[in-house]
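Chemist: Below, each chain spelled out in residue letters.
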Amino acid sequence: MISVYYAGLLADVGILLLGALSVYIILATGQLSLGNAGFMGIGAYLTSYLTVVVGVPITLALILAAAASGIVGTVVGFPALRLKGIYLAIATLGFGEMVRSFFLNFDTMGGSGGFHGMKHISVGYIWAWAAGILILVVLLERSRVWLEMRAVHDDETAAGLVGLNPTTIKVGAFSFGAAVAAISGGLFAHHHVYIEPGNFGFERSIDFVLAVILGGSTVGPGALVGSFLLVLLPEYLRFLADWRLAAFGVLLIGMLLVRRQGILDRSLFNALAFRRAS
Amino acid sequence: MNAAQSEALLSLRGIGKTFGGVRALSDVSIDVFPRQIVGVIGPNGAGKTSLFNVITGAYRASAGEVVLDGRAVTQEPSHRIARAGISRTFQNIRLFAGMTVWEHLIVAQPHRESQLRRLLPIRWADPQTLRRAQEVLEFFELEDVKNRLARSLPYGIQRKVEMARAVTARPKLLLLDEPVAGMNHEEADAIRRLLFRLRDSGLSILLIEHDMSFVMTLCDYLYVLDFGIMIAKGRSEEVRTNPVVLDAYLGRSA
Amino acid sequence: MLLQQLVNGLTLGAVYTLIALSFSLVMGILGVLNLAIAELFMLGGFFGFAVIAAQLPLPLAILAGMVGAALVAVIVEKIGYQPLRDAPVVTPMLSTLGFSIIFQNVATNIWGSDPLQLTDEVLATRFTLGPVSISAMQITVLGATVMLVALLAFVVQRTSIGRALRAVAENRDVARLLGVSADRVTLLAFMLSGALAGAAGVLIGLHYAAITPYIGVEIGLKAIAVMVIGGTTRIWGALVAGPLIGIAEVMTVAYGGSQVRDFVVYGFMIVILLLRPQGILGGSGADQGQRV
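The listed protein sequences correspond, in order, to chains A, B and C. Going left to right, the first sequence walks through residues 6 to 283 as our numbering numbers them. Going left to right, the second sequence walks through residues 6 to 259 as our numbering numbers them. Going left to right, the third sequence walks through residues 1373 to 1664 as our numbering numbers them.
Among the hints, a few may not be true.
[To be verified] The following residues of chain A were derived to be distant from chain C, with all beta-carbon distances above 12 Å:
{"hint": "1", "residue": "H125"}
{"hint": "2", "residue": "P202"}
{"hint": "3", "residue": "L273"}
{"hint": "4", "residue": "L277"}
[Unchecked claim] Computed footprint of chain C on chain A; a stretch qualifies when at least three of its residues, placed anywhere within it, have a C-beta under 8 Å from a C-beta of chain C:
{"hint": "5", "region": "79-91"}
{"hint": "6", "region": "102-110"}
{"hint": "7", "region": "203-213"}
It is worth saying that the hints were derived from the structure and are not from the lab. Remember, it's a predicted structure, so these values are computed and weren't measured experimentally. Heads up, the beta-carbon is just placed ideally off N, CA and C, and yes, glycines get one too.
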């Protein structure tokens, strides 16, 4: 149908989309996490272990890994409550590095040598998950639970004073985000059929954040825009080649200066969605 | 404990609050009865906002207790106190930056539906929630700005939105921190009429305000704080002519 | 053997101290985490190496690293911080992240991803003091660090510039009322922190006799942990935390294996963030400084 090359790119977009959504979900409560690659790594390794060593079918393995990662997310989410802004970002950065370091040392799953043996999955399967979770998030954004997340994001004190419990909301978001990142990891592992700890380091966490900040940090589909941008822009700007990373750096700085909310925001999204409906 | 005290909706008994070496509040006792409008006045820095913060749980009292409807809520976290029936507004308005007026009125309401149902789009929320939001919207005459971003509205309307948000969950007690600051005579008048209507609908109000004429024509009872200590209390007419009170205000010009 | 590791740890620790001070200056005064510092550190190293390759003396190389990095820091301040200074602090932090991405890409393109090595055996003479052998290089690194720290201390404590820096760190608005130009001060803070990072870059390059575009991420990020452990808003905490972490790292590698190294350092950082956020050298719990 489509060439192997483009299929690969599309797969990368789908995987990045899930990672970006994981950052977006947590960011919706006002918490910036620079360590979601850690949750991705947990998902990647756990899923791979389940399919390769235990023999569990991929879909079940993904669900189990997501649940386990969600629990880790809860464990991380509680101490995270005590930190705000930059300190939280620093702590999540540390968490991500700790997870990477852990897998470097975890010889059962290959340590620094990496792990392989996973069965390859198709682009279609990846997008079944990616699209499904994106739609889920878009629906959730119109819910009361999400409204409460936004309240905690906008003014945590005022949110408490209208009866919202910031603890459940913030920890819950961490948990949900961790689960989504884990799925990204599991899909990554089974698409590339080889993983190593270096795949899940700071640079990966930054990719997620970049996709959200550039694509749009106030609506779920922003992560979709950002993911396409990050994967496809280098393809269309071939002359950039060696300079594509720098280009994204420039894009990030420019976006923060000119349109802080990113490309897609709520009003633009509503306008587009409305136009299609009428 | 005499019969009158046991009827009080809110009872502050011997509230003290110390920050490091600074004593913000000292042995403050206040009673607010059902359907009463009580004012807390005093010069700047008297500790009035600190008092509100203690009541709502933002500050933990160093001494004393806060009793709501017979139940001590002194150590409870803010959101539990809010759900118990105390709402407040802020001196410098604290609205939710990204939300419309309507969204403010939805998010402030108690959970009536199941956890699962709350994951569905808002228009499928419990009809009581939607009805109540509409009711509050109409009471405060905010229908025209229902879907506008609250932060983008004129100052006076923002104040109404904040009050509307505070009232939506049908609190027993409403704390207002300088509700008419920066308003002209007409606007303050409109607020006063609004507050009377709220009182008549069953709410008690405790407010901090500097505008003396507003306070005198609105409040049933007044407490006067200076340097964190209660220096006078009584009906408006009594307090107005109290020499201790006059001294506290005049002795501290600007 | 233990003492030898101690010396090696101190050398690494000295570099950490400089970078941590660099982070701390900007963080303490502006509340912003300048992620570009990791790459200013890297760039300084390359600038210094260029000078050494031109057969120029070592002090000049260190100066080149400092000046070069300070100038690049000006660009970061003007474009990445100034326009965003009224935004929540996370925003300028993300902007500096953008810069660090750019710098690393630029360095990789100019100098390649393979390590750039020192061709001559610079300062390779080793001195033996009892059970310990220390190279002239390590002495240089330690000595240079001590001098730079002393210089910084002098500037901060005894000059009017330093007074202005401390005033803005204490309270920006009050400082402005007192006639301190906050804009000038932030530019200065960025330049000073750039200079420190640049110096550290040259020194680490000398220590390892090689430099790559990736040392920013490898070592620079860990300096954030050092800053936190020393106490984010008390910049001198870096003096204690730097050697501490340097030694701990070297020990962990020697006795536990290099793979757990990062786990231990970042783990310690998180523990400090949660249990003693003011850091090792911070005051009592109540005197916490900013918790952004």
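Chemist: Each of the hints needs a verdict: does it hold here or not?
Modeler: Results for each hint:
1. H125: holds, 29 Å
2. P202: At roughly 9 Å from the nearest Cβ of chain C, P202/A sits no farther out than 12 Å, so the non-interface label is violated.
3. L273: holds, 20 Å
4. L277: holds, 26 Å
5. 79-91: Contact hint for the region 79-91 of chain A vs chain C: holds, 6 residues under 8 Å.
6. 102-110: holds (count 7)
7. 203-213: holds (count 3)
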